[in-house]
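Visitor: So you can see what is in the structure, the chains are spelled out below.
Number of protein chains: 2
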Amino acid sequence: MDEILTSLPADVAQLKPAQARAHFRAGLRTPTAGWCAGYTQANVIIVPEDYAFEVLLFCQRNPKPCPLLGVLEPGQTAGPLLADGDIRTDIPAYTIYRDGELAGTVGDLNEVWQDDLVTFILGCSFTFETPLQRAGIRVAHIDQGCNVPMYQTTRRCAPAGRISGPLVVSMRPLPADQISDAVRISARYPAVHGAPVHIGNPAALGIEDLSQPDFGDPVEIPADHIPVFWACGVTPQAAVMQSRPPLAFGHAPGHMLITDAHDSDYQIP
Amino acid sequence: MDEILTSLPADVAQLKPAQARAHFRAGLRTPTAGWCAGYTQANVIIVPEDYAFEVLLFCQRNPKPCPLLGVLEPGQTAGPLLADGDIRTDIPAYTIYRDGELAGTVGDLNEVWQDDLVTFILGCSFTFETPLQRAGIRVAHIDQGCNVPMYQTTRRCAPAGRISGPLVVSMRPLPADQISDAVRISARYPAVHGAPVHIGNPAALGIEDLSQPDFGDPVEIPADHIPVFWACGVTPQAAVMQSRPPLAFGHAPGHMLITDAHDSDYQIP
Chain G
1 MDEILTSLPA DVAQLKPAQA RAHFRAGLRT PTAGWCAGYT QANVIIVPED
51 YAFEVLLFCQ RNPKPCPLLG VLEPGQTAGP LLADGDIRTD IPAYTIYRDG
101 ELAGTVGDLN EVWQDDLVTF ILGCSFTFET PLQRAGIRVA HIDQGCNVPM
151 YQTTRRCAPA GRISGPLVVS MRPLPADQIS DAVRISARYP AVHGAPVHIG
201 NPAALGIEDL SQPDFGDPVE IPADHIPVFW ACGVTPQAAV MQSRPPLAFG
251 HAPGHMLITD AHDSDYQIP
Chain R
270 MDEILTSLPA DVAQLKPAQA RAHFRAGLRT PTAGWCAGYT QANVIIVPED
320 YAFEVLLFCQ RNPKPCPLLG VLEPGQTAGP LLADGDIRTD IPAYTIYRDG
370 ELAGTVGDLN EVWQDDLVTF ILGCSFTFET PLQRAGIRVA HIDQGCNVPM
420 YQTTRRCAPA GRISGPLVVS MRPLPADQIS DAVRISARYP AVHGAPVHIG
470 NPAALGIEDL SQPDFGDPVE IPADHIPVFW ACGVTPQAAV MQSRPPLAFG
520 HAPGHMLITD AHDSDYQIP
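Chains as they are written, first to last, in the working numbering: chain G, 1 to 269; chain R, 270 to 538.
Rather than coming from a laboratory, the hints here were simulated on the basis of the structure.
Warning: the hint list may mix true and false statements.
Pairwise CB distance ranges, derived in the manner of DEER restraints [what the hints assert, rightly or not]:
| hint | chain 1 | residue 1 | chain 2 | residue 2 | range |
| --- | --- | --- | --- | --- | --- |
| 1 | G | Arg162 | R | Gly430 | 16 to 24 Å |
| 2 | G | Arg162 | R | Pro317 | 18 to 26 Å |
| 3 | G | Pro218 | R | Pro349 | 50 to 58 Å |
| 4 | G | Ala26 | R | Gly369 | 31 to 39 Å |
| 5 | R | Arg407 | G | Asp209 | 54 to 62 Å |
Far from chain R, by Cβ distances over 12 Å, these chain G residues were calculated [said to hold, decoys possible]:
| hint | residue |
| --- | --- |
| 6 | Glu101 |
| 7 | Ala160 |
| 8 | His225 |
Facing chain R, according to a computed beta carbon distance under 7 Å, are these residues of chain G, among others [said to hold, decoys possible]:
| hint | residue |
| --- | --- |
| 9 | Val71 |
| 10 | Leu72 |
| 11 | Asp181 |
C-beta atoms are modelled at their ideal positions from N, C-alpha and C, and glycine is treated no differently.
With the sequences and hints as input, model every part of the structure.
Guide: Take a look at the structure:
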């Protein structure tokens, strides 16, 4: 592992996904923000086959919070999004849930893997934040060096069998004259949450205090900025856990799967 | 039934979907082309729960031929796309498959329904043919009063578990100066097959003779027209049948489910 860590370049943005995954496989635990520029980072949920149809259907019914990029079939550990990869080792850190409760955070799943496990790979908003920035739109949590603030809302997702839960949103404050551009640009990425679900008026989503997010970090909201809310990839993980599967895994927050897909693959005209 | 048939208006295009479904529920068997203008007609596949995850995953992996509009969970007979409807009776005619072989065509499923059956509702190209025509693009099979020609290709779909098969395409011949418009317009309807998968050169798809379609009817191809190929909703039905589920149902060809959704619901900007 030392050898690999020593060989880690100063600029991790230049790594190819397979190189990054090799570092994580060798034991490196680090958040992945800024790694492998231009490649798609993804949320991961892994559940037993008994829950697979319902999780897949939940994603189909709630495509904005649950944008599915790929599924590994029962027991599969590699696939098109991670060629020559291994889903059990190639994420920097994993959460383990038992009966829906967090039971630990680990560096790999080698000890706990089962052959009936089905892996769901879901888009994340990293993919549209780069094009927002390229268009001159400042992303507050990136400027402020913290995680995006996320809020549980009073809006319900469409349930699927045993899987149900509230919509979780992420929030980026924007000046009035950039909101249209942010809508237009993020709408071109429907595979990674797409356009905002709500603009302004947090109370209408049941959010009482923007300074107290349910997940992530609060951001300062500059004067005359309006909170803009996107559907968030925490939604499916929260809903699946509420159904209390005997065993489930996720990526640890901020420690994403870096896939072989290019962000540009998910842009529509 | 007589009463309902007597009350059938001369112009079935003006009926609401619930009214049309009531006629079919009462026993009317008729192709649905031209019914309920502006409302979305759909392909239907019904399989036992044992096959549901794989069929859903096949659709997720092959969204162009298998654009999923909705799924009824095991045993469910109604849902958002057919409010107060009944999937067992509200299609004018159904095909029954046993072990993947056609075992009959019936007017309803009341006698053969099982509580473990899962219904998949998929978009159909009727939805984008109307906007093509509104843009001045002639649709050959409509002009010629026949069914669209469909061809089995040598291109394989992404398999999912036991479900695999070739891509099936529909073909509309177009003049060179209208192909861009046809691409642009159909691309705005990704939920109903979206943009063409192939333009010109049928041999590259393994199609030897356009005058001999595998399904539907041949159309005359006007001089200087180029064959344009769209992914076709026959694809999933053919693939599911190849996996030989003990029991499965579909809509009879041309006898579609008329849903409560509006075609415009599926248009993206």
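Visitor: If a hint holds in the structure, say so; if it doesn't, say that too.
Guide: Each hint tested on the structure:
{"no.": "1", "hint": "Arg162/G <-> Gly430/R: 16 to 24 Å", "verdict": "holds (21 Å)"}
{"no.": "2", "hint": "Arg162/G <-> Pro317/R: 18 to 26 Å", "verdict": "holds (19 Å)"}
{"no.": "3", "hint": "Pro218/G <-> Pro349/R: 50 to 58 Å", "verdict": "violated (37 Å)"}
{"no.": "4", "hint": "Ala26/G <-> Gly369/R: 31 to 39 Å", "verdict": "violated (47 Å)"}
{"no.": "5", "hint": "Arg407/R <-> Asp209/G: 54 to 62 Å", "verdict": "holds (59 Å)"}
{"no.": "6", "hint": "Glu101", "verdict": "holds (26 Å)"}
{"no.": "7", "hint": "Ala160", "verdict": "violated (7 Å)"}
{"no.": "8", "hint": "His225", "verdict": "holds (25 Å)"}
{"no.": "9", "hint": "Val71", "verdict": "holds (6 Å)"}
{"no.": "10", "hint": "Leu72", "verdict": "violated (10 Å)"}
{"no.": "11", "hint": "Asp181", "verdict": "violated (14 Å)"}
Hint check: violations occur at hints 3, 4, 7, 10, 11; the rest are consistent with the structure.
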